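Engineer: Sequence:
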Amino acid sequence: MVFSSPRFLLFLVVTLLVLGLLPGRDPRKRFLALASLFFYAAWDWRYVGLLLLISVIDYYTAWRISVSESPSVRRRWLAVSIVSNLGVLGYFKYCNFFIATLGPLLASAGLPIPHLEILLPAGISFYTFKTMSYTIDVYRGELAPCRSWLDYATFITFFPELIAGPIVRASVFLPQLDRTPGPTRDRCVQGLSLFLMGLFKKLVIADRMALVVDPVFACPAVYSGPSLWCATAAYTLQIYCDFSGYSDMAIGVARMIGYDLPENFNMPYASGSLTEFWRRWHMTLSSWLRDYLYIPLGGNRHGAWRTYRNLALTMLLGGLWHGASWNFVLWGGLHGAGLAVHRLYRERVGRGFALPWPLGWALTLGFVMVAWVPFRAGSISDTALCLSRMFGLAQVGGVTFLPFWLPVCGVVVIAAHALGAGLKTSPDRGEPGLIERGLRSLGMAARRDPIAGVCLVFDRPTFAGGVGAGLFLLTGFLLAATNTNPFIYFQF
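In our numbering, the protein residues as written are 10 to 501.
Think of the hints as simulated: they come from the structure by calculation, not from any bench.
Note that the structure is predicted; figures quoted are calculated from it, not measured.
Just to be clear, a hint being listed does not mean it is correct.
[To be verified] Label-pair distances were calculated between CB atoms; the ranges are:
#, residue 1, residue 2, range
1, H124, R149, 38 to 48 Å
2, Y103, V181, 21 to 31 Å
3, H124, V65, 27 to 37 Å
4, I389, V231, 14 to 24 Å
5, V231, Y103, 29 to 39 Å
6, P224, G375, 21 to 31 Å
7, G33, L353, 54 to 64 Å
8, I389, H124, 12 to 22 Å
9, Y103, E356, 28 to 38 Å
10, L353, P15, 49 to 59 Å
11, P32, L62, 27 to 37 Å
12, P224, G33, 47 to 57 Å
13, G29, V231, 52 to 62 Å
14, W72, P15, 38 to 48 Å
Just so you know, even glycine gets a beta-carbon here, dropped at the ideal spot from N, CA and C.
Please take these sequences and the hints and turn them into a complete structure.
Structural biologist: Shown next as structure tokens:
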């Protein structure tokens, strides 16, 4: 049940109506948990039991950790939680990856292992991280264990972020269960604004970029270096609009229901360094990796080289989290190396000579764009072919197509970030600018939301704004009916 589908719109409307009619918090929690399970079952009902099993294990282990006074007992129960989560994730996501990697070696030793037909459960990478962070926080004493199974089940199964994030922590979500009044007019208007913004990013930008990206990366050998640069630039825009669009829609749906989810993107392509990029891109994953992997490894507390090692390991594992492929490991390794180099430069050189922001921005965006090649390419050999042609290291050949896409992509990226920066007023006079006047005619405004970042909201609902929103929704769902491109991060 994809967010951009008519089925989801019907599901959301029914959910909001029922939540608005139910009296009291507990009935709303029960219905929300059941609705979330129904939403997950619409993907594949066979894995609802797996989601509930993981939830029960972590709920029980966190309770045992909280009532145990012995440090060794507490560590054992924490190990049960971590091993259970990583074991389930490893089996479903990485089993065939290790078989493919070690298969030839084992076959040569007379131990052939067949490829297993394993279907990846939807959202498993996200909800295992969510449940593990709950248990770890209880173990660290940073979070009191949830005493209500209903509250915990609502947290784990919450459907807006269940499939592809943002990765919400219990400390952020659980306190809202006792103070959320349910759907309100203001929250529905705010949430709809975010939902429409995400829908626009997905259907109008990301899915149009896919028309350029998919043919090239499906068979890169037939395309020239300029074409590969165009496709890479288009993918740079596609993955941002696809994933941040999903995050906007998830945050918007949660806002309509009555809950606030954390911000996940903050104009990452406006970053002046790679370190800043990772503070702005997939922020809930970045903070998760920092708090539960990088810092436990030692962070930056044990000297420069240990710091570089920890950065590299964190990003390598972060790459592997995205997918069971050496391409993702390479992508993570590139970012780990880039972060280490940036830190080395900042500590050894940057104190006396800081790069001008435009140069830092250009280097960062160029590095990020090139690093997307292994992320999108189908194999390591395709990655090598793409990069060699892009940088002129291979024999020139292949078809050159649509050379105008490269400047078009650049213009759209700049325009998107200009809008994200909230160009509302004329700075010299403090008067409403052209963008603000146009938004006002629709009853809208660009505002900095404390949760979702800069967004468009229905500030003063008007007839024109209502008609525009309705037509946009209708157009979006008509486009979705003829376009089946799934969200990119659904595969993770």
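Engineer: If a hint holds in the structure, say so; if it does not, say that too.
Structural biologist: Each hint tested on the structure:
1. H124 <-> R149: 38 to 48 Å: With a Cβ separation near 40 Å, H124 and R149 satisfy 38 to 48 Å, so the hint holds.
2. Y103 <-> V181: 21 to 31 Å: The hinted range 21 to 31 Å holds for Y103 and V181, with Cβ atoms some 28 Å apart.
3. H124 <-> V65: 27 to 37 Å: holds, 31 Å
4. I389 <-> V231: 14 to 24 Å: holds, 19 Å
5. V231 <-> Y103: 29 to 39 Å: About 32 Å separates the Cβ atoms of V231 and Y103, which means 29 to 39 Å holds.
6. P224 <-> G375: 21 to 31 Å: Because 24 Å falls inside the window, the suggested range holds.
7. G33 <-> L353: 54 to 64 Å: Distance hint for G33, L353 holds at roughly 57 Å.
8. I389 <-> H124: 12 to 22 Å: holds, 19 Å
9. Y103 <-> E356: 28 to 38 Å: holds, 35 Å
10. L353 <-> P15: 49 to 59 Å: holds, 52 Å
11. P32 <-> L62: 27 to 37 Å: holds, 32 Å
12. P224 <-> G33: 47 to 57 Å: Roughly 54 Å apart at Cβ, these two residues keep to the hinted range, so it holds.
13. G29 <-> V231: 52 to 62 Å: holds, 55 Å
14. W72 <-> P15: 38 to 48 Å: holds, 42 Å
Of the numbered hints given earlier, the model fails none.
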